[in-house]
Amino acid sequence: MEFAVDVRGLTKVYEGKVRALDGVDLRIEAGRVFALLGPNGAGKTTLIRILTTQLKPTSGEAYVFGEDVVREGAEVRRLVGYVPQEMSVWTDISGYENLLIYAKIYGLSSPKRREIIWDALKKMGLSEVANDLVKTYSGGMIRRLEVACTMLTAPKILFLDEPTIGLDPSGRKVVWEELTSIRKEYGSTIFFNTHYMDEADLYSDEIAIINEGKIVKLGTAEELKRSVGGEVVLFSVEGNSVNEDVLGKVRGLSLVNDVIANNSELSVVAKDAETVLPDVMEVLRVEGVRVKKTSITKPTLDDVFLKYAGTRLESGGRISEVRKVRGRIRRG
Amino acid sequence: MDSLRNMLVMIELELRRLKHDRTELYSRAVQPILWIVVYGPIMGAVKAIPTGGIPYTDYITPGVLIQSTTFVSIFYGLTIVWERDSGILKKLLVTPASRYATVIGRSMASGVRAIFQALILIPVALLIGVKFLPNIAYFISALLIIFFASGGFAAISILVASFMKTRERFMGIGQAITFPLFFSSSALYPIAMMPPILREFARFNPMSYVVDAVRGLVISGDFNNLPIDLVAIAIFDAIMFAVASVSFKRIIE
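Residue numbers (the working numbering), protein chains in the order written: chain A, 1 to 332; chain X, 1001 to 1253.
Simulated from the structure, these hints should not be mistaken for laboratory data. Given the structure is predicted, the values throughout are model-derived calculations rather than measurements. Don't be surprised by glycine CBs; every beta carbon is placed ideally from N, CA and C.
Pairwise CB distance ranges, derived in the manner of DEER restraints:
1) A:Glu185 with X:Ile1235: 49 to 57 Å
2) A:Asn40 with X:Ala1137: 57 to 65 Å
3) X:Leu1127 with A:Asn40: 55 to 63 Å
Turn these sequences into a full structure, and let the hints steer you where they fit.
The structure is reproduced here in structure tokens:
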């Protein structure tokens, strides 16, 4: 079958020194939402820039819907929509004019052009401000304008480099709602870079964790979380009423992976904590163990990241830096 | 065909920007107005510079005009640096437009700014009594020459911008390019008056040819050098576009 993105042994070395990508292999099925998760300098942006034909790889191959990004760059550019991490619209003209300029660059014929532009503006909720200068827009509105811009050509695949960086939570939510609706309407594959765990978790079908130029783990959010061990249900019980007999019975339940008793606490490890909880409660009730409190802890993508990349995602400094850049850009 | 369309789109973009905000053009007009209104009449009163019978202010008006339009084009490179800092350049690279069309289109777009700059200065020159040749065709030809030459100067700034990492650094460099070009051209005095070394430099100075062509068309009516001027400008443009297109790669990475 044809993959939306097919990358084999891709490396990129900048100026003979900095190894940004170090043998990346990746296959993404068409129609999926794919998240590339990693810290700064992991190679996320480099990978997107190679896939969108801006940079040439040092070695290896990359295909977008079967087209070679090096040899068939022109074909690839016709298939993709792209929103860079930084701002990609002119702030000293209106939102409508921005889309008009890009529509002309893409060679949209004039009778349809107006209609397509207004349609995109409407879908992104920008028709009211279409004739205002972009410098008066909020960060979220600018991002939506950029997304509207990619909609002009109904791309088969959309590459988004940190699509919500520097936006407040409500702005992030709106951008993702619009992206989800684009995907429904055009069936576009979406490839996005992020260092927001929650974003990868909420909106992607598949996640790859990248660190130091290598993909260290690939799977759905659930698979990744499960791969770091199961979920844990913690029972606080009265007194030391948990004896070996009770432990044995709990251990005997199906779906329970492990049980650890520690004074008045009982930890049950299972694949799915919610399903196991009632069964364990029932056993404890029958055995006369009184439960004071229960809690469930689930592994997060952060744990996954820690396990496979060996570090936590540190993003604070970077975000404020990007905010600053965007602020400066907006002031012109 | 596609490339030509993309160049026109870049020019349209520039027109739309000017439609919204022209303050830069007005503030940039202050300096050339001082040259024409203050420096010209004062130096003219001394009668120290042989101008072939043309009043001194009239003589320098084309030069000052070209100096200011060149300034506009050179600083246009700033826009490119700005667009690199923002994501616009990256985005443009992922459109079907060819890279050469993008570079040449952006360069040519500076010509639009240059023409508007010239159109602000000309009424000032008329007001203080500069006598232009009353021929609209010559006048339009002069504007076209300014337009095409500006493209070449903007390409210089794209080339320089490809070496610059920040906007701030570029500001100083812009001045450092424009003024030597200005003083080693025939903008303020005939090349024959220059010391021999500077005269050699002037021969390779594209601004000399632009000034000469425009002065012939709008002031002196002397067209003897016009063919040479046009060829020189065409060669200058071709070289600069080629070099800028190649250096553009550095801007991207």
